[in-house]
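Number of protein chains: 2
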Amino acid sequence: MLQVVKRLFVGRPLATTEQEHQRIPKKIALAVFSSDAISSTAYATEEILFVTAAAAGSSLILGLDTLIPIAIAVAFLLAIVSFSYRQTIFSYPNGGGSYVVSRENLGEGPSMVAGASLLVDYILTVAVSISAGVAAIISIPAFHGLEDHRVALGLVLILVITLANLRGIKESGTLFSFPTYLYIFMLAGLILYGLFQVFFGDDPGTVPLDDPGWEHAATGGSLSLFLVLKGFSSGAVALTGVEAISNGVPAFRRPESKNAANTLVIMAVILGTLFFGVSVLASHLHPYPSEEQTVIAQMGLLVFGEGGIFFVLQVATALILTLAANTAYADFPRLSSIIAKDGYLPRQLTNRGDRLVFSNGVVFLAAAAGALLIAFGGVTNALIPLYAVGVFTSFTLSQSGMVRHHQKEREPGWKRSALINGVGAVATFVVLIIVAVTKFSSGAWVPIIVIPFIIAIFKGIHRHYSRIEKSLYVEPGFRPRRMNHTVIVLVGRVHRGVLDALAYAKSINPTHLIAVSVVTDEEEQARIEDQWREFDLDVELETVYSPYRELTRPVLGFVGELEDRYDNEIITVLIPEFVVSHWWQHVLHNQSALILKGRLLFRKGIVVTSVPYHTE
Amino acid sequence: MLQVVKRLFVGRPLATTEQEHQRIPKKIALAVFSSDAISSTAYATEEILFVTAAAAGSSLILGLDTLIPIAIAVAFLLAIVSFSYRQTIFSYPNGGGSYVVSRENLGEGPSMVAGASLLVDYILTVAVSISAGVAAIISIPAFHGLEDHRVALGLVLILVITLANLRGIKESGTLFSFPTYLYIFMLAGLILYGLFQVFFGDDPGTVPLDDPGWEHAATGGSLSLFLVLKGFSSGAVALTGVEAISNGVPAFRRPESKNAANTLVIMAVILGTLFFGVSVLASHLHPYPSEEQTVIAQMGLLVFGEGGIFFVLQVATALILTLAANTAYADFPRLSSIIAKDGYLPRQLTNRGDRLVFSNGVVFLAAAAGALLIAFGGVTNALIPLYAVGVFTSFTLSQSGMVRHHQKEREPGWKRSALINGVGAVATFVVLIIVAVTKFSSGAWVPIIVIPFIIAIFKGIHRHYSRIEKSLYVEPGFRPRRMNHTVIVLVGRVHRGVLDALAYAKSINPTHLIAVSVVTDEEEQARIEDQWREFDLDVELETVYSPYRELTRPVLGFVGELEDRYDNEIITVLIPEFVVSHWWQHVLHNQSALILKGRLLFRKGIVVTSVPYHTE
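Those sequence lines, one after another, are chains F and E.
Just so you know, we're using our numbering here: the first sequence kicks off at 39 and counts up by one.
Just so you know, we're using our numbering here: the second sequence kicks off at 39 and counts up by one.
Just so you know, these hints were derived from the structure itself, not from any lab.
Please note: incorrect hints may appear among the correct ones.
Remember, identical chains collapse to one label, so a pair may be satisfied in a single copy or spanning two.
Calculated lysine-lysine pairs in the DSSO-like style (CA-CA distance at most 30 Å, straight line) [said to hold, decoys possible]:
no., residue 1, residue 2
1, Lys508, Lys379
2, Lys544, Lys635
3, Lys544, Lys379
4, Lys508, Lys544
5, Lys446, Lys296
Computed from a predicted structure; not experimentally measured.
Please work from the sequences and hints to get the whole structure.
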């Protein structure tokens, strides 16, 4: 039954040999891996305004004035980071995420910082993108009533992406490439047509200020450097997702590195252009930051009017943001499987599910992002500072690692490469410090607690696996010593199942064989002893008295006694078990055998054998 | 941890030999077994008024006029039923509930009707008593604000009784006898002092009518016979619980029958007197039926004023009603254990817990009553008709059974006894018909669906146990035929645990021994085969290919293949298992072994053996 539902939503199982087919062409890869980065244009400008306009004594103009300089700085940073990652793609064609690069070049500590930062970031990507997508839908005046259902809408979106990803990445790619291109087209249209109106057509004027908290008039004065940097920190979220392609190189068609590098450049150009364009348009149209209506929606309404084009713009925005979450679905499971293979996360994360997807990682990601969405009531802004710290931490580590890589490899032109990555490392480190300082009190302190906590978990898991590995190790040629073998058969009363179990016990060649019956009073003891005589069984019967009418403790006590009685023994506890035909029939039978088996498993030198008796 | 909490609330385990000490003296037995019957005086009068006053065109007087005749009829019925049950106690000193009497004298069908009716009634007793108890508390003007928390208050009370009963019946008896006597004393005081005021003191007048729905003035006309009978049906709930003592004879001190019979007579006298007294007082004080304030509370306020005495009256009412629920806690688990012993309910209900209480029955009763309380929002009236049908069904069956009993036994004076029980059977049957007809549309139709449903469950369970019994049956002297024995050992890679498992497998004398490795690709296959050669293991290795990367299906397939390959085989599947020191470490290891074990258990001829490997 469950299987049928699973097949319906997830599809038929795929064999390991079908793996190659899951690689994707550039056009689709651009959609899959770039939606995160490109979609950040939907909220990055707004995030800047939330800081600068709010800080400038509720005066929009002062905030809008700083928009263009900040946009230029962000675009410049984007260029540096993209160039740096281009090199990573060629050096690490098997997927050179920040984690892998740090591990190979900087050692265990930095790699764990990178791994923890990235895992947190992927979860935040899903939460932030989904809630921004919901915000785009709510911004459509016709859908205003949905505002109270932010969280529910977000959870539905997460469910849809999760199912799509459990089906496998290629199918998601095909499904997802159209909306990415639609968004790029619509946003470019907004910028171009908007600027055309401003400079050549009827001046569209400025966004009407519904919110009484904002004033158009400049109050005089200027923004402090701290506030400008804080605004820049907010704008830097536009860079999130730039590293996605370098993590996902193996998903590209051959030649993987070249295809991935080209895709990265195309993506950076599109992202930079759109982000800068939105900022320029905003500086003319004067949108204001608001939780009710997004900045893009405000400008869309002004430029296109409340018609079909505006509607398509908003839907495309919501769709690409949903797909942005999908980037994390491509990378989180992949990264966690790499970390798990290194022994820092549970091994189960390395299992590909029956659709060749790392299903456990997908499900974990969905659960974590859903929890965040619920905890923050579906409003993203509070998460952005957490997000930026992790992103720039992993950028810095990745670029530093690349510098070390070039120094070690000394491949042709390594000095130039090291210089590029060095510039990248310094630039992203500076941004990291800016973000951490300017946003410290708004939540940038959270990663300082969360990331070490995750690292502690990594280390605990690694310690556990190492210890087990050590205890399992043997030299070839090792032979366990031969031990005596005591078999005890648990019996309640004599019936067919018990006779079968006794026959089995005799056949496995025990040194000692004892049938054990747990009785609660003398009457019960007499009954089993009478039956034993009646059936004339040639197996020694011992009764164990259970004053409190339970099974587990007396049996454990008896086993302890046997361990004292015989030396150098393995004890097999043989449990004859009813097997009923339907699962619900189990409620009609005592489940004490199950509890007993669980307890016995934890004693050394005990083997537990279930001899089922099938009752048709 | 859980154990500590359990001990704190439930107490230390009691040995089977301590059973005798749980018998209770008469004074306590009266409190334990009579609280149900006596406490019904707290709501029976009100239930009559709900029918008669409401039906009489909102005229109270007309309703009040019928109260005394109905009360006389109910008291008369009580005398008949008590006399009948007195005989049952002597004929069935081991507990002659309606179920046992019907089973022994009327056969399987009637006994199942009786059993189902009684089980339902015990659940209803808890739900009705608890919500009436809550109503008594809410009736205190100072506590009026609690009205919205009916359900929560009720659930807390259920929890308290449940814990008390899990500790064991004697302790509950001691704890519970004081409030029963307090209620008897307070209600008697209300009746006597109220009637004294009416006849000799300052006339207390009548209850002021807050509720505009009722008028004092008679509207003329008279009640139809149907309505009087319907009122009588409501009043008949006062008889619920009369049978409790006959079910609980074995809990009395020796001589059980005599002690129980005397207790029954005392109880009937107290109950009849109080019920009749309340009705007489009501016909003078003119209380009105209301969900906000009980009839007893209205009269208590009028007679005692809003002081300490009134407060004690209400608290005593609430307490005895809570204890009434306790009657069901004494009888439901006992009856369900009897039915389970006959094979009509799950066997687990026959297990005494470690406090010598049938804990499973107690917990089931609490859950069912709690669910009803929630479903009905804590207001009882709707449940009363359901209640009455079950009660009089079991009365009728019990008395009819007793008539047959006397006919069979022909003990000295059997004709007189048969006559008494015959009168009882006819009387209760007539009442059953009256209740069923007059209350059909108010809910008496529900038992007509519920009771056959429960009987169907009884029969299904019985069929299941019989089938198993048959399949387990063997003649003494039966010996299972000797079979060949194939052992397969599941291996992933070669490590210490696997070597231990192989050594164990060799020691148990298999006809064939095969090590099986499930691999997902050729690389994995090569790896295990290399290891096998390296360790020079003298056990045949077969690899099974798992294209979809799962364990269970390929292993099941391989087992199927083996069954074809060898004839007449038992196959032991030996699973080397990691055992980690802490339960949470299990999440770090694959749980596929658990799933595999579950699936293998359902195949015939398969024995599953866990060879644990302890990793310290």
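Right, here's what the structure says about each hint:
In this assembly of identical chains, Lys508 and Lys379 lie within 30 Å of each other by CA distance solely inside one copy; the values are 17 Å within and 53 Å between copies. Taking the shortest alpha-carbon separations for Lys544 and Lys635, both the intra-copy value of 21 Å and the inter-copy value of 23 Å come in at or below 30 Å. For the homomeric pair Lys544 and Lys379, neither the shortest alpha-carbon distance inside one copy (44 Å) nor that between copies (34 Å) is at most 30 Å. In this homomeric assembly, Lys508 and Lys544 come within 30 Å of each other (Cα to Cα) only across copies, at 25 Å, whereas the closest approach inside a single copy is 36 Å.
For the identical chains of this complex, Lys446 and Lys296 are intra-copy neighbours only, at 23 Å inside a copy versus 100 Å across copies, given an alpha-carbon limit of 30 Å.
Going through the hint list in order, the structure does not satisfy hint 3, though it satisfies all others.
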